[in-house]
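Using the sequences and the hints, build the whole thing.
Number of protein chains: 4
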Amino acid sequence: MVKATIVGASGYMGGELLRLLVRHPGVEELIPTSRTYAGKPVSSLHRNLYRILDVPFVNPNIEDIDSEIVFFAAPESEWFAKIPNLLDKGVKVITLGGKFRIQDASLDSKIYPGYENQALLDERVYGLPELYRSKIKKARFVTNPGCYATSALLALLPMIKFKDSLDLNRLVVTSVSGTSGAGAKPSEFLHHPEACGTVKPYKVLFHRHLPEMEFILKDTFKKDLKLYFTPAVANMARGIMSFVTVFSEKLDVDLSDNFRNFYGKEPFVRIVYGGDENVPQLRDVVDTNFCDIGVNLDPVSGRILVLCALDNLIKGGSGQAVQNMNLMFDFKEVYGLDLIGGHP
Amino acid sequence: MVKATIVGASGYMGGELLRLLVRHPGVEELIPTSRTYAGKPVSSLHRNLYRILDVPFVNPNIEDIDSEIVFFAAPESEWFAKIPNLLDKGVKVITLGGKFRIQDASLDSKIYPGYENQALLDERVYGLPELYRSKIKKARFVTNPGCYATSALLALLPMIKFKDSLDLNRLVVTSVSGTSGAGAKPSEFLHHPEACGTVKPYKVLFHRHLPEMEFILKDTFKKDLKLYFTPAVANMARGIMSFVTVFSEKLDVDLSDNFRNFYGKEPFVRIVYGGDENVPQLRDVVDTNFCDIGVNLDPVSGRILVLCALDNLIKGGSGQAVQNMNLMFDFKEVYGLDLIGGHP
Amino acid sequence: MVKATIVGASGYMGGELLRLLVRHPGVEELIPTSRTYAGKPVSSLHRNLYRILDVPFVNPNIEDIDSEIVFFAAPESEWFAKIPNLLDKGVKVITLGGKFRIQDASLDSKIYPGYENQALLDERVYGLPELYRSKIKKARFVTNPGCYATSALLALLPMIKFKDSLDLNRLVVTSVSGTSGAGAKPSEFLHHPEACGTVKPYKVLFHRHLPEMEFILKDTFKKDLKLYFTPAVANMARGIMSFVTVFSEKLDVDLSDNFRNFYGKEPFVRIVYGGDENVPQLRDVVDTNFCDIGVNLDPVSGRILVLCALDNLIKGGSGQAVQNMNLMFDFKEVYGLDLIGGHP
Amino acid sequence: MVKATIVGASGYMGGELLRLLVRHPGVEELIPTSRTYAGKPVSSLHRNLYRILDVPFVNPNIEDIDSEIVFFAAPESEWFAKIPNLLDKGVKVITLGGKFRIQDASLDSKIYPGYENQALLDERVYGLPELYRSKIKKARFVTNPGCYATSALLALLPMIKFKDSLDLNRLVVTSVSGTSGAGAKPSEFLHHPEACGTVKPYKVLFHRHLPEMEFILKDTFKKDLKLYFTPAVANMARGIMSFVTVFSEKLDVDLSDNFRNFYGKEPFVRIVYGGDENVPQLRDVVDTNFCDIGVNLDPVSGRILVLCALDNLIKGGSGQAVQNMNLMFDFKEVYGLDLIGGHP
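Sequence order for the protein chains is W, P, E and U.
Using this note's numbering, the letters of the first sequence map in sequence onto residues 1 to 344.
Using this note's numbering, the letters of the second sequence map in sequence onto residues 1 to 344.
Using this note's numbering, the letters of the third sequence map in sequence onto residues 1 to 344.
Using this note's numbering, the letters of the fourth sequence map in sequence onto residues 1 to 344.
Check before you lean on any hint, since a few could be wrong.
Identical copies carry no separate label here, and so any pair may be met within one copy or between two of them.
Below, in silico cross-link-like pairs of lysine-lysine (DSBU-like), each with a Cα-Cα straight-line distance of 30 Å or less [to be verified]:
1) Lys185 - Lys3
2) Lys82 - Lys3
3) Lys40 - Lys185
4) Lys203 - Lys110
5) Lys218 - Lys161
Hints are computed from structural coordinates only; laboratory data are not their basis.
What follows is the structure in structure tokens.
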């Protein structure tokens, strides 16, 4: 049993961590921090937790933290300087911001400026269990992947076996996301009258999850490659549907089967089938830690279209963080994550 | 042909005024004002008007206004002090804020404090054409009704004939609105992730359109009465559906026919029919100046349920304001307002 | 440990039963029946259950059922004739259709014609745990309440203490529901282009949950009363928000506290607080078995406005059915139902 | 002034034709046909037209048609055999179905089997005014483009100038559409509970608008090329947002300016600007005949991303058909089409 501190628990990611951990069989105490809401009950802000977690937010006194694990759900760079000391005290750390995900100091500090620490960057493990499970199990410091990056990577990684047949310089990823991905802070872009009943592309020339995707892919495929990523938000709070196009020589294989074998006993990745075309449904993964993938192969051109659905706040965020914690503490990997989607 | 100034043209109401007036056969020039956006093209903010109205917003120098009519789409009280001078110069004025709608100085100044002017309050005509058409035609100063008030009043006014059979102290109005009614300013309440896929009641104990409804009804029915009003927002940008419950002695009449007769040749009120039950569709009125009404009479209990649908920004706002302008300048009443809803 | 048969498991209610029961600690086997889909994996239809419940639907041979409990999620009257025999064999039965909810043979057979059985009607227990817990614990045959009825009853029942101060003949309930309440069968009314981005009232003069509400209320309050009920669907799949207006003499009490006391240790009813006004959020109850209630008292008029939010398929359907099963088999009441809503 | 017959006026495309033509200054009479609804008022089905077009649907007796133009909004092949006779009588014809759009008999009859007529196919003009305006002006028989095809073509055509720099074999188009594109017939796929709050890819390996796009592009670019098209529906009734990716050598041009020059005085194509990135808004084009295009050029890779927004039922359907009619009869091109989108 562990105590868990969530730094920045007032945001959406922090709130979902609390929701998932409050019923986690391996967690005995939750310490939610928030400078803004310190003293107020968690459930006054995350009203879904009313009568479930009514303890107050506390001030984040990182130095005095008495817990085995700290989740940094707040992206502010000031927190990063606290990590080495925590690790020294034997506290494990999972960060949910983008900092340190890209294990290339110059790229990392360009995109996430304000703090540099080569030793931390060297030590960090990228928290994609399907790729780095054994490293995560031994890690003290895990950087949780971005929501779009999780989606694109889980769709692309199984193709490593065929990498020499693919045009790796023309990977095209278009992702349609729920609006919760942008966080809890109101903005004109996501003011409801502006964002409902529509589809809004944004950051179409550069989204910072793009270099993250490319870095992990290059590191895995051991090849240079180029990815073109376009995000958009649609009229829903949660979920990401990614359309991943890969140009390929004609592959004479059952690609779905290959994906199924690749993910083998993965508890949270499901390769869906559907007759002529394999299309996952967002509904099946929203509010769960599942990532559902549909693999489609154009028999004439060889083009591969992978459709990938996950919940941006769970498998694309807090759920994956809990999965990482489970690995780091040798808990059952599904603890706290046995959520099943509804129909409809 | 008139020149029209829109003060506060950067908001949703102001934007819709521009959209309706830009193709109005009686308007030769539009002067959109905005302190915040002065100098920028209207279409940089209201992008729907791109290549249609690309003139810049100007600073609102009310004293120097050279136009026959001024619409005050901004609710700030500071503007009201400018009105007497405008009227003196022969400029007609339509206000879209709440101030002066309730022709009772103490009530008005309680709800809309910051400026008082009994002469203005005495002169103001309440801009509901179906009720005050002849007064509006002669008016210099019209206060445009609130969106919820328009909806409730158009649903209730035709029952004046039966007022002695009704329980006027238990009028119940529940209204479900699109989110544009709250204006263009982002808020946590209307942050898309919080407001999509749901129904959110708000101001359930007091919304300031309530005394407005009661004031006009009392003034018309010449009776004391009490109305209970509950607003909510749903997952749509535009439109109000009001559920109006009236307890009554059993009326042995075709109530729909009575409504139809009451509104006679009104160009923008349609009494819908539908077999067993009469239910208007929001889709039919959104983006139009129509108000569609369905009248339902419980044959056993005598309860009357009027369902009333309109577009909060058009018939509940800028469209009605244009209708009032048309009356004030003796234009055809439908000028600028010949919009037809789509299906679906 | 029990085996559970779900008759009509292909519908939304049946699917949600499977989802809730598949992880239920007291259920060792699930037998999903469907004439239409017999032989096909459950997860080919309810794709959310892929890799969770991939067993096939079986033909519903009620006579040969080998299970301790049967849920009838299909409303067809033909099934009802099978119930006496099941009860004789010691099988417990929960029905999710409307039949037998109203314990008045003439009213029941008028609304739900096709089968009559006075003994069954006499025996049935209405499955609202908050009202009939002790009876449910001893019951062999439970009729699960309608979704709207659950919502209205949970909002109204706590006022029994003040019943002599209330105008029980003018109870007004307006409910806005997600579209899943109408079931899985496509229709023009719920064709997406017709039903998205809007609010659609329907069955405004008579919905068959109305007499159900009145019957239970009269039976509980021991008084005659009259309720006016108007349902509508909005642009969301799940959830019901009910607006319940009760006219009352002025009550000099903290009504929220009274509701809180009334529901005491109920595991699934939460009385929300919110400062000036008490408004529950649908988001907090969707995908859970919670019913969240906000109580508002107009200090001037005495009018009471209760806002009541629940998930129509869970607390308003399958979740409540599982809660009833838990009571009938002396399982912990929360088994299978420890779902927490998300934010957002 | 012409009389216009709409065959199959009960569908969404037919309804929008009626809505646009009923206020068209060049149309003196509308003859809406429908076998299913013959005798019933148009406005009993298209309720948006209540009190605007209450004439009844008539049986489609094509032989006796007394009108200058016939729109075939019904896709059934039986109608096509009637076209030659109509043309012989001097009646002009616009078809809104897919038949004959692809001027390649074998491909056309493979995708749209059931009727063949080489002379008709030879004569047909593809009704994309921006490409074939002069031909349309002289045409007797116009096939109106598909909604997705309109979107992709308007996004791609301006690049003809640079065609030798582009990788024409790897054109990637992902389109997110409102659900009205699938027509008025209810289906499980578009049953509201299944289709709301989500994004659903479909026909991901082959949509029949794909060969249409390729045929017109090849015909225009005079080069072989290959396009990869993936459609999806999102939670909205109307609108298409297309994401068009084109790989290119680095172009040292202002591509937006090139697009602007290409479309010059086109009344309905707008090239939007937006600072760092050029993103059109669906809201600005829904309920209008505009197509808004944003051009984005990745300065490093040379990748071009064109975002293209239009209303699938107007510029992608009935609006474009009216535009074609205007050209064929030498009406002003904007007649009946001066719709402006709202904000929000």
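Status of each hint after checking the structure:
In this homomeric assembly, lysine 185 and lysine 3 come within 30 Å of each other (Cα to Cα) only inside a single copy, at 28 Å, whereas the closest approach across copies is 41 Å. For a Cα distance limit of 30 Å, the shortest separation of lysine 82 from lysine 3 inside one copy, 18 Å, qualifies, whereas the shortest one across copies, 53 Å, does not. For the identical chains of this complex, lysine 40 and lysine 185 are neighbours both inside a copy (19 Å) and across copies (27 Å), given an alpha-carbon limit of 30 Å. Taking the closest pair of Cα atoms, lysine 203 and lysine 110 come within 30 Å of each other only inside a single copy of the chain (17 Å); across copies the shortest separation is 41 Å, beyond that limit.
Proximity of lysine 218 and lysine 161 under a CA criterion of 30 Å is satisfied intra-copy only: 14 Å inside one chain copy versus 35 Å between copies.
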